[in-house]
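Trainee: In short: position in the sequence shown from 1, add 53, done, that's our numbering.
Simulated from the structure, these hints should not be mistaken for laboratory data. Here the structure is a predicted model, which means the values were calculated and not measured. A virtual CB, placed ideally from N, CA and C, is assigned to each residue, including glycine. Take the hints with a grain of salt, since some may be wrong.
As the list claims (entries may be wrong) - What follows is a list of derived Cβ distance ranges for each label pair:
1) R177 <-> D154: 30 to 36 Å
2) E166 <-> S73: 38 to 44 Å
3) R151 <-> W181: 17 to 23 Å
4) R151 <-> G90: 35 to 41 Å
5) K56 <-> G90: 44 to 50 Å
6) S63 <-> A117: 31 to 37 Å
7) M184 <-> S65: 17 to 23 Å
8) S73 <-> S94: 28 to 34 Å
9) P57 <-> K160: 46 to 52 Å
Stated by the list, open to error - Calculated pairs, BS3-like style, for lysine-lysine (alpha carbon to alpha carbon, straight line, at most 27 Å):
10) K183 <-> K173
11) K113 <-> K56
12) K160 <-> K173
13) K150 <-> K160
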Amino acid sequence: MPKPGDDISSVSDVFANVYSHCMELAAGRAAECMLLGDGDSRSAADDLRQARELALLICKSEDAVESFLAHCDIAARDLLMPYGDVVIVLSIVLRIKRTLDGAEIDKIIWDVEAPRVMAKEHQRGAEWRKM
């Protein structure tokens with residue numbers, strides 16, 4: 054760890070990468086939980102193992118690891134919950150196709166979200182016209 058006054062850019066890069074990867078793993082577990090419930094699965098257990106190993110790179114104690122992983126779990130769930138419909142559609146398409154690339158994922162998200170955004174915009178316009 055850097056001492057006071059030392060350059061921390063490399064440490065912040067490590068933290069950012071660990072945090073990002075742990076959030077990805079937590080989001081996978083959260084999505085699985087949204088779709089299948091709280092039952093244990095091998096993939097969720099392996100994701101948790103990987104996240105724990107990564108957290109050990111930036112946390113000094115087991116309590117810190119637990120707190121960090123709990124934060125990632127809560128943050129991932131909070132990020133995904135408003136988009137449950139997107140998670141469901143992605144899971145269905147993924148079951149059918151088995152793999153998706155970034156462009157395919159982007160298109161699915163757009164196809165699910167665009168009608169909702171347009172409906173909100175039309176509603177906003179209608180409310181504005183009433184004023």
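Trainee: If a hint holds in the structure, say so; if it does not, say that too.
Mentor: Going through the hints against the structure:
1. R177 <-> D154: 30 to 36 Å: holds (34 Å)
2. E166 <-> S73: 38 to 44 Å: violated (23 Å)
3. R151 <-> W181: 17 to 23 Å: Violated, at about 45 Å.
4. R151 <-> G90: 35 to 41 Å: Given range 35 to 41 Å: violated, Cβ gap about 23 Å.
5. K56 <-> G90: 44 to 50 Å: Roughly 47 Å apart at Cβ, these two residues keep to the hinted range, so it holds.
6. S63 <-> A117: 31 to 37 Å: violated (20 Å)
7. M184 <-> S65: 17 to 23 Å: violated (47 Å)
8. S73 <-> S94: 28 to 34 Å: Check failed, 23 Å falls outside 28 to 34 Å.
9. P57 <-> K160: 46 to 52 Å: holds (49 Å)
10. K183 <-> K173: Status holds; Cα separation ~16 Å.
11. K113 <-> K56: Roughly 15 Å separates the two Cα atoms, so the pair holds.
12. K160 <-> K173: Holds - the C-alpha atoms of K173 and K160 are around 20 Å apart, at most 27 Å.
13. K150 <-> K160: holds (14 Å)
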